[in-house]
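Protein sequence lines correspond, in order, to chains A and B. To convert, count from 1 in the first sequence and add 137; that's my numbering. To convert, count from 1 in the second sequence and add 436; that's my numbering.
Just so you know, nobody snuck in bad clues.
Here are the computed lysine to aspartate or glutamate pairs in the EDC-like style, where the Cα-Cα straight-line distance is at most 20 Å:
(1) B:K525 with A:E338
(2) B:K924 with B:E914
(3) B:K453 with B:E524
(4) A:K263 with A:D325
(5) B:K525 with A:D257
(6) A:K218 with B:E735
(7) A:K302 with A:D325
(8) B:K453 with A:E148
(9) B:K450 with A:E338
(10) B:K450 with A:D325
(11) B:K450 with A:E336
Treat the hints as calculated values from the structure; they're not laboratory data. Note that this is a predicted model, so its numbers are computed, not measured.
Each chain is listed here by its residues.
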Amino acid sequence: MRIQAVFEKNERVRHIGHLDIQRAVQRGLRRSGLPVAYSNGFNPHILVSFASALSTGACGRREIMDVTMAEEVEPALFLEKMNGAMPPEMRLLEARRVEDRHPALTALLKAASYDLTLRDPGQAEKLIAAVDAMMGQDRILAVRKSKSGLKECDIKPLIYALRGKGSHLYATLALTERETCKPGMLLDAMKNAAGIPPEEEVRMLVIRTALLGEDGEGRLAPLESL
Amino acid sequence: MTDYNELIEEMLEKVQKAPRYTGGEMNAQVKPWAEAPLHFAFCFPDTYEIGMSHLGMKILTGIINEQNWSLCERCFMPWVDMMALMKEKQVPLFTLESRRPLREFDVVGFTLMYEMSYSNVLAMLEMGGIPLLSADRGEEDPIVVAGGGCASNPEPMAAFIDAFMIGAGEDLIVELNRAILDAKNEGLPRMECLKKLAQIPGVYVPAFYRAEYNPDGTLKSFGPVSPEFPARIEKRYVYDFDHTYFPTKFPVPYTDVVFDRITLEIMRGCTRGCRFCQAGMLYRPVRERSLETLVRQAEALVASTGYEEISLSSLSSGDYSCLPELIRELMRRMKDRRVSISLPSLRIDSVLKESLEETQQVKKSSLTFAPEAGTQRLRDVINKGVTEEDLIEKVRDAFEGGWSSVKLYFMDGLPTETEADLDGIADLARKVVAEYFRVPKEQRAKGLRVTVSASTFVPKPFTPFQWAAQDTIPVINEKQEHLREKLKIKGVNFNWHAPNLSFLEACFSRGDRRMGLVLKRAYERGCMLDGWNDQFKFDEWMQAFADCGIDPAFYANRERGKDELLPWDFLDCGVTKEFLWREKEKSDRAEVTKDCRQGCNGCGIQRYKGLCSYAPRKEERHADPGGI
Ligand code: SF4
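Take the sequences, apply the hints, and build the full model.
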């Protein structure tokens, strides 16, 4: 059986990279004393996977891990044991049982929602004022960094939703194995639309608030509810 | 109090490896500031990755936090990118936990593990908003204390540290903190507080001692400025090692640190008496932890840290009396949790084949041997009780057991070393290679790798070589060149280090108070992070010596006479000067001294009743007629 758990990566540990977060979870699982399953081979590791890597510097409010257990474990017990074994910076919020044949998290993932806090009020005002005009364009050009170098692309189809309020931008952006719009790409396009020179630094705190998949009717819905 | 949090957050977005500064690890203790009246900042004068690998830091921070009247936060040396930002934004050096500047703590403590971290101490003090010189500190400034292996010759740091802790810190740090808190509560002025500290056994307060020099630069006299202070300071010991404090949980770093695993200290001290080894002399006598205690600690630590590896640590783990039983028991218990056991500092003459085979079951890393010298004559000089047959036999066992990677550690520049001794290193490497090919092809693991490392010998205080001259840099360079040529052997890699760092280390390890002037000058010239190759500025150091009119060769390359007053003679670190001189004379004659387990050698520790289990029990005289 597998257990899927929703967890948080808070401000204090936001600079920890994905590999280190993975290791922290592995060690947490070990500390929990729960009957986890191990991989075979020379360097056995605990079978745990994640919906998506969260960038260094970003916080996550509802990240998801998927743990394969060696025995049946009640989700409530999983939650209790793990919260006793993880640092308060990485609290678990909920857990549920999923069947072995339940699709992998990465296969279901379609998009993610973000709360982007802009540190500079002046910049925030300009950026938010430019949202409607930018979304009204036919194409929104942004530069994507890929293995083959920088590539210009149209990110409009990758933006599911975008609105601004106060010093925050709220965005829902595509996040699949094939097509992804990172918050940084969105910001570059918005700077362009708002007339902020590219070399001007815009400081923002990235908080990923939800990981989304598609429900039966093709609507975006939290991955943990699918 | 200014709130630097916003600025710190901004800086963290810009630096490499921000987790060095953010804390929040599993088991990191964060005590509310108001909950304890005494605030201690534990400073490790190197980066987070190095400091967090250090067991002593985990033990002492644990002890301080365990007292309900004291709290301890951690602070490390920032990397250059962070330092530049801190300077630009005028943010003082802060602790990981509450992000307070060092100057807001009551006590700021440094652990001195190696000489080349001294410049970092100065940098951390200054960034933390604390005057560099002890003499310049005022009533509002923290008391700056230091301990650790290098405190056995505190003199080069005497101007910067208010009080040194000599010897085992487990009890001492609590007594020291208590005295500082009492002084604070009584509202004693700084000087009165330091006077109280100077009365605690094992505490050295440099301000109350004066050094005078002869015209030739050697020490003329050293002693307290008033009879109220002890003339000799005795180091502190742990008598009941099996029951001494050991943390059952310690912080688990998120990012890679140098030693990212559980360290079990199975033993303290070593019975072998290698003459170059300061740790072997300083941490006498040998004391073991019982198997039950170790198993209990291992269980608790695996449960609290979730680490996947346990390493057994001591100066000579192979000498632990029930090593095979310990390994077997740990493996039996840890197997289902996939926790591996590793043995560092494996001595070639001590580990049983049986336990080799058992470790291999779990983890097959490369095996390390330390013959230290290339010929039997030189090994006798340094009292490294290892023979070539021993080494070859152990290497054969390892190759037959499926290892293919072997590391051999040597030192160059040992006293009396000749070309023949250097050639001996190459001979030994060649014999190790031959041993590998002697194992039938289908039995041995593929990919032979013999790594020969040569480090430059640094004479240390409280060793029989404390009087010895270090080879000069040109001589070392020549020797290394010779070795490079001789070690062009298939399957053998040669690692060496430029001798510049070892030369400076030699200046500090046997330095007096005047080395403090050089240190300050070098720091002003921009020297810090000297342990990092890309940051080490040897030319600036040499310029600092010149600026101060001090000749480094006086410290590094000069042989001392028997009667010279040495800067650290006022400390009683257990081994007596008479014993060390006897050992030096035996070394001149290439005469070996037996392992303490075969009988007491009268090193001086036998003066402390009940401390050394190999020393004669009652008043009976020990065998060595030259003893004290
Ligand atoms: S007291 Fe004797 S047995 Fe003990 S460490 Fe010293 S020399 Fe060795």
